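A.B. asks: What follows is the residue order along each chain.
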Amino acid sequence: MVEADFSVAFDPADRAREADHPHSQVVRFGMDKPLRLDAGIDLAPFQIAYQTYGTLNAERSNAILICHALTGDQHVANVHPVTHKQGWWETMVGPGRPIDTERYFVICPNVVGACMGTTGPASTNPKTGSPWGLDFPVITVRDMVRAQAMLLDHLGIASLFSIAGGSMGGMQVLQWAASYPRRVFSALPIATSTRHSAQNIAFHEVGRQAVMADPEWRHGRYFAEGTNPRRGLAVARMGAHITYLSDAALHRKFGRRFQDRDNPTFSFDADFQVESYLRHQGISFVERFDANSYLYLTRAMDYFDLAADCDGVLANAFKDTPTRFCVISFTSDWLFPTPESRAIVHALNAGGARVSFAEIVTDKGHDAFLLDEPELFAIVRGFLEGAAKARGLVPARS
Amino acid sequence: MLMRVKQDLTMAEAARTPGGARVDLLAVAEMVAPGAKVLDVGCGDGELLRLLAEGRGVDGRGIELSREGVNECVAKGLAVIQGDADTDLADYPDDAFDYVILSQTLQATRQPRVVLEHMLRIGRHGIVSFPNFGHWKIRLQILLGGHMPRTDNLPYAWWDSPNIHFCTIKDFRELCLVVGAKMEKSVALDAWGRALRFNAPWWTWNLLGEQGVFLLSRRS
Numbered sequence: 377m378v379e380a381d382f383s384v385a386f387d388p389a390d391r392a393r394e395a396d397h398p399h400s401q402v403v404r405f406g407m408d409k410p411l412r413l414d415a416g417i418d419l420a421p422f423q424i425a426y427q428t429y430g431t432l433n434a435e436r437s438n439a440i441l442i443c444h445a446l447t448g449d450q451h452v453a454n455v456h457p458v459t460h461k462q463g464w465w466e467t468m469v470g471p472g473r474p475i476d477t478e479r480y481f482v483i484c485p486n487v488v489g490a491c492m493g494t495t496g497p498a499s500t501n502p503k504t505g506s507p508w509g510l511d512f513p514v515i516t517v518r519d520m521v522r523a524q525a526m527l528l529d530h531l532g533i534a535s536l537f538s539i540a541g542g543s544m545g546g547m548q549v550l551q552w553a554a555s556y557p558r559r560v561f562s563a564l565p566i567a568t569s570t571r572h573s574a575q576n577i578a579f580h581e582v583g584r585q586a587v588m589a590d591p592e593w594r595h596g597r598y599f600a601e602g603t604n605p606r607r608g609l610a611v612a613r614m615g616a617h618i619t620y621l622s623d624a625a626l627h628r629k630f631g632r633r634f635q636d637r638d639n640p641t642f643s644f645d646a647d648f649q650v651e652s653y654l655r656h657q658g659i660s661f662v663e664r665f666d667a668n669s670y671l672y673l674t675r676a677m678d679y680f681d682l683a684a685d686c687d688g689v690l691a692n693a694f695k696d697t698p699t700r701f702c703v704i705s706f707t708s709d710w711l712f713p714t715p716e717s718r719a720i721v722h723a724l725n726a727g728g729a730r731v732s733f734a735e736i737v738t739d740k741g742h743d744a745f746l747l748d749e750p751e752l753f754a755i756v757r758g759f760l761e762g763a764a765k766a767r768g769l770v771p772a773r774s
Numbered sequence: 003m004l005m006r007v008k009q010d011l012t013m014a015e016a017a018r019t020p021g022g023a024r025v026d027l028l029a030v031a032e033m034v035a036p037g038a039k040v041l042d043v044g045c046g047d048g049e050l051l052r053l054l055a056e057g058r059g060v061d062g063r064g065i066e067l068s069r070e071g072v073n074e075c076v077a078k079g080l081a082v083i084q085g086d087a088d089t090d091l092a093d094y095p096d097d098a099f100d101y102v103i104l105s106q107t108l109q110a111t112r113q114p115r116v117v118l119e120h121m122l123r124i125g126r127h128g129i130v131s132f133p134n135f136g137h138w139k140i141r142l143q144i145l146l147g148g149h150m151p152r153t154d155n156l157p158y159a160w161w162d163s164p165n166i167h168f169c170t171i172k173d174f175r176e177l178c179l180v181v182g183a184k185m186e187k188s189v190a191l192d193a194w195g196r197a198l199r200f201n202a203p204w205w206t207w208n209l210l211g212e213q214g215v216f217l218l219s220r221r222s
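Protein sequences, first through last, are from chains S and B. When you number the first sequence by our numbering, it's gap-free, plus one each residue, and the end is 774. When you number the second sequence by our numbering, it's gap-free, plus one each residue, and the end is 222.
Source of the hints: derived by calculation from the structure; they are not laboratory data. What you are looking at is a predicted structure, and each value in this text was computed from that prediction instead of being measured. Hints are supplied without guarantee of correctness; some may be wrong.
Computed list of lysine-lysine pairs in DSSO-like fashion (alpha-carbon distance at most 27 Å, straight line) [unchecked claim]:
#	chain 1	residue 1	chain 2	residue 2
1	S	Lys461	S	Lys629
2	B	Lys78	B	Lys39
3	B	Lys184	B	Lys172
4	B	Lys172	S	Lys765
5	B	Lys139	S	Lys765
6	S	Lys695	B	Lys39
7	S	Lys629	S	Lys695
8	B	Lys139	B	Lys187
9	S	Lys409	S	Lys503
Reference listing, derived: stretches of chain B covered by chain S, where coverage requires no fewer than 3 residues with Cβ under 8 Å from a Cβ of chain S [stated by the list, open to error]:
#	region
10	66-78
11	92-99
A short, non-exhaustive set of chain B residues, derived as facing chain S with CB atoms under 10 Å [stated by the list, open to error]:
#	residue
12	Leu53
13	Gly57
14	Asp61
Idealized CB from N, CA, C, for every residue including glycine.
Kindly generate the complete structure, drawing on both the sequences and the hints.
C.D. replies: Encoded structure:
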């Protein structure tokens, strides 16, 4: 078939239900506790969906906040309620893993603007009784972090032992350290940057335009009109997915091999394995993600510029920070290349921070932070071990 | 590269105490006041930083050129970043550390003078250790053998060596004068890692010391 088949095999109502009534713990903030947005709007009421793993100790000193990336969610280390796949960071988080849930209390909230139970464009707008759609206010990474701070207040956690995240999750980690330095004992920003580059904004714009060009998008009112801009969203995902990999990884995985055939068909069918793979990535993404959420979250990343909040001087964002940092990048990540991490390290050094920085050799590109990278695991484990010693956390029972 | 120097130094039967610590590192560590804030430039696998943290309660940071060295250090929980002494010291503010250490690093830098000047700017004190090219064994190898010297501590062929700026203890003292560094303490270690007698004249240090370790400060 010439055009990709993006028809979905699941019941779209499943995902829509997750937006309001997720398979997660939920904390609801009423009209008296609005989320103050950078856009100058108070969002109220709103809710945060989150997962927790492990046990909070009596001193409430062993909490680790995990911040998810653009297309991630709160299901870090459990079976996903919609896709029924393993959690997205099960190799990193769990009993005996580098982020050891037998030792640490792990919290992962769904970010504001997402679609897995924290208020976002797919959630029901209480004023109208139908999904927010484009009436939802534009949010920023700082808004996400502000909401997470409200969640921690609610859970009675004054200070985090650590905070970790890759990509957009890493942006939240940096924003946390800048906004609430006294609440963050240690921080792991991975494969990230203090500002979204022009190239990355450009990639996001292509993705958003793909969504909006889908006639089923209906200016974001697809829920009300009974349509689903799945083609647009799938194409956006296909484009973005290429940026998460690398030339070397694609070549290693697919080369120029044909998909279930020995010769080209002289058509626009998915002759090549890499085409078939990308189409699969597109379709499986549409099953679990909301097109409007994709617009809002990519926008939040585009707006992220930590230095801009500090008169353009990045070092001021971390001046005299008490937080210990471990910055990690990957050699083949061309979305958030190593120089961006180096800029974070320079700013932290200038601010006198205690910082470690490691670049990991891999051909897996930006997505390496989600994959089986033994060196990444050793570094995260060692860094947390050192921080736990400094914080006086007792070692796990061996 | 630096990592290689240090690993080779380790493997080359560098003198060790019964506890297993390298004697040259202990000589450096003894010059650091307890609880100080320290930057170890070219920290290798982090052995000195670990010694300083465990033995002296030091708040240590490290810079290391080799990726393997950095990742090994970070996995040990040390605050180490990947970087180049020749280019990255310029980014550090004045007086950021109590001590900046160049342990077996200076001879592998492209611009030892600039590195030394940055060291004195960033740290209130500097500690430098290096292999003494004026040692009698080295002099003999050139004089009698007629080729570039190789020793247990310097096992490289000239074309394969990361050490590009060798000096003697005498040369180093001259550089200290040039950059305005005051020598507060000096130790020369013989081939077995024993400190030479303190009151021995300089020329004997330059002849018998296989390594020199110096505590420096800015001349006011």
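A.B. asks: For every hint, state whether the structure bears it out.
C.D. replies: Hint check results:
Taken as a hint, the lysine 461/S and lysine 629/S pair is honoured in the structure, with Cα atoms around 22 Å apart against an allowance of 27 Å. Only pairs whose Cα atoms come within 27 Å are accepted, and lysine 78/B paired with lysine 39/B is accepted, the gap being roughly 19 Å. A hinted pair counts as satisfied when its Cα atoms are at most 27 Å apart, and lysine 184/B with lysine 172/B qualifies at roughly 15 Å. Between the alpha carbons of lysine 172/B and lysine 765/S the distance comes to roughly 44 Å, so the proposed pair goes past 27 Å and is violated.
Distance hint between lysine 139/B and lysine 765/S is unfulfilled; the C-alpha atoms sit about 46 Å from each other, more than 27 Å. Pair hint lysine 695/S plus lysine 39/B holds up; C-alpha atoms about 17 Å apart against a cutoff of 27 Å. Between lysine 629/S and lysine 695/S the CA atoms are separated by roughly 44 Å; this puts the pair beyond 27 Å, and the hint is violated. A C-alpha spacing of about 25 Å is found between lysine 139/B and lysine 187/B, which places the hinted pair at or below 27 Å, so the restraint holds.
Between lysine 409/S and lysine 503/S, the direct Cα distance comes to roughly 17 Å. Compliance with the 27 Å bound is thereby established for this hinted pair. Interface restraint, the region 66-78 of chain B with chain S: holds (7 residues with C-beta to C-beta distance below 8 Å; minimum three). Counting residues of the region 92-99 of chain B whose beta carbon lies closer than 8 Å to any beta carbon of chain S gives 4, which meets the minimum of three for the stated coverage. A distance limit of 10 Å between C-beta atoms decides the matter here; for leucine 53/B the minimum to chain S is near 16 Å, and the interface restraint is violated.
Interface hint at glycine 57/B: violated, since its Cβ lies 16 Å from the closest Cβ of chain S, which is beyond the 10 Å cut-off. A cut of 10 Å between beta carbons decides the hint on aspartate 61/B: the least distance to chain S is about 7 Å, and the hint holds.
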